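First to last, the sequence lines map onto chains A and B. Position 245 (the first sequence) corresponds to 245 in this note's numbering; numbering is contiguous. Going from the second sequence to this note's numbering is simple: count from 1 and add 1000.
Hints in this document: simulated from the structure, not taken from any laboratory. Keep in mind the model is a prediction, meaning the values are calculated, not measured. Hints should not be assumed to be uniformly reliable.
[As the list claims (entries may be wrong)] Straight-line alpha carbon distances no greater than 30 Å define the calculated DSSO-like cross-link-like pairs of lysine-lysine that follow:
no.: 1; chain 1: A; residue 1: LYS149; chain 2: B; residue 2: LYS1160
no.: 2; chain 1: B; residue 1: LYS1145; chain 2: A; residue 2: LYS151
no.: 3; chain 1: B; residue 1: LYS1047; chain 2: B; residue 2: LYS1160
Each chain is listed here by its residues.
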Amino acid sequence: MSANAQNIPAQFPIPVEPQIPVRSGNPRERLGPVATGRPVRAVSPEIAKVGLSEICLSYRAQSGERLLALDHINLQVKAGEFLCVVGPSGCGKSTLLLLIAGLHQQTSGQVLIDGKPVQGPGTDRIMIFQEHGLFPWLTVGQNIEFGMKMKGIGRAEREEKTAYYLRLVHLGKFKDSYIHQLSGGMRQRVAIARALATEPDVLLMDEPFAALDAQTRDLLHDELERIWSETGRTIIFVTHNVREAVRLGDRVALLTFRPGRVKREFSVELPRPRQLEDPHVARVARAILDELRDEINQSLEAEYNEGVKPHVKPDLEGESRV
Amino acid sequence: MKRAARFIIFYSALLGLWILLAKLKIWPPYLFPTPWGVAEALYGGFKDHTYWIAIRVSMERVLIGYAISVVLGMILGLGVASSKFLEETVGGLLVSLQSLPSICWWPLALLWFGLNQNAILFVVVMGSLLSVTLAMEDGRKQMPKIFGMAGRNLGAKGFKLFWYVLLPASLPFIVSGLKQGWAFAWRSLITAEMLYLSLGLGQVLMMGRDLNDMSAVIAVMLLIIAIGYIVDGVVFRGMERHLQHKWGLTPAT
């Protein structure tokens, strides 16, 4: 197996050559006049928004030996693109997001944003965690304005933008609620609003909907797709749910099990808005799953042999996990 | 309602027993003061302002000492929590120092600071610093890592990260340590004041001893208990309630 996905011959669905989705109409139209901040910077069409170049990450296991978690990862994400990363648990896909966010340091290789290497965290890349990571000591509104406050943005502007993003995620009435008063789905919407409020170019989403029930997740898929098309952000979305990846992504990158490599990239050229139950989505997901199955088996086998408690299993049918 | 009734019955019974024992005159009054003697002492003490002054002086000392402990303890605790080296060196030392009653520092404090307020403050700080430090260390470790990551991700760093993220995130985990620190500070203060003749509740208590006035001794003891209880019940209980409300934690039973 090659470390470099680009070499793998094309079959189905049409791999590689990611396409930037063409979005119709003015994306700001539906939300009225409040500024969504600066437009997404496109430095040059040839330079990827996010470039991962030969990323390796190894760490010292408790046994003392060095383990390779990520092995020469190469990925290019264009501005405004929606990339999904799937792989079995333990393949390092979440860690990859931490590297892009600058919250963790790779052993070798480079993370490039607009062609420039990443130096630590930055508000141009905001992460949304599975456990939302919202601050329970702050209200919904205070959570959303947190990033702006750190940037030193004035109160009036913060309030205006907070109200705007609350409306964007349909939580206008919950500005003064505390996080624990919200449902899981609402919390993730706050997390999305908080991330967008710092006006990042890139949203890094780490299995954000994995803990939600199926109905809520469907709803949030629709909302995320809408927000993405309205704000034009670049999104890198990590999930173990292949059908979710196909539902959302312009492109799906498949990682192998330990060490994580890009096994293959699939470009999903289905019309939007998509539905999770759409037979086309299921068909593409099936093709990706066929590739993924080996990796899943390895992952399960490793868990069995190591006596590790099985964590989140890759979701074979793409349905909700209990 | 039931709770209030239980409360009233218990304390009335206690008071009744006290009155009964006093009435029976098993011991002479200078050994076993009567409730009305204590009430008189309390009344007199407040009337001639002795107790008011003592309370003010003691509260001032304990607040200054406690504030120093909290600031130092948080810095120390954070340091110990975030550095393996500090944890193994300073951390171990702190734990072993915990078995030392803070009043043991009194002789050294006298030499270093002289017989004055600063010596008392030093003993108070030594009494509560360890609790606060260990609580902060523990809180920092217990605090979910995701808060720190989310904070850094949203652009908080350095002091802002500490003030706006790490500190509020660890508060629910350190509030019991802060409470314990307060209790230690209060006890250390009274002990030190009993050894040092200069205003303060501890000194008023010793005055009662010197005058062989056990009513006054008990009156001051009641004051010390009342103040400790009120601060604990009002300040810290209020803080806990507030945090529980915000975080949606169920009150500890």
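Going through the hints against the structure:
Proposed proximity of LYS149/A and LYS1160/B is supported: the alpha carbons are some 10 Å apart, at most 30 Å. Of the pairs offered as hints, the one joining LYS1145/B and LYS151/A holds, with about 22 Å between alpha carbons and a cut-off of 30 Å not exceeded. Distance hint between LYS1047/B and LYS1160/B is unfulfilled; the C-alpha atoms sit about 49 Å from each other, more than 30 Å.
Figure legend: structure checked against the earlier numbered hints; the only hint not met is number 3.
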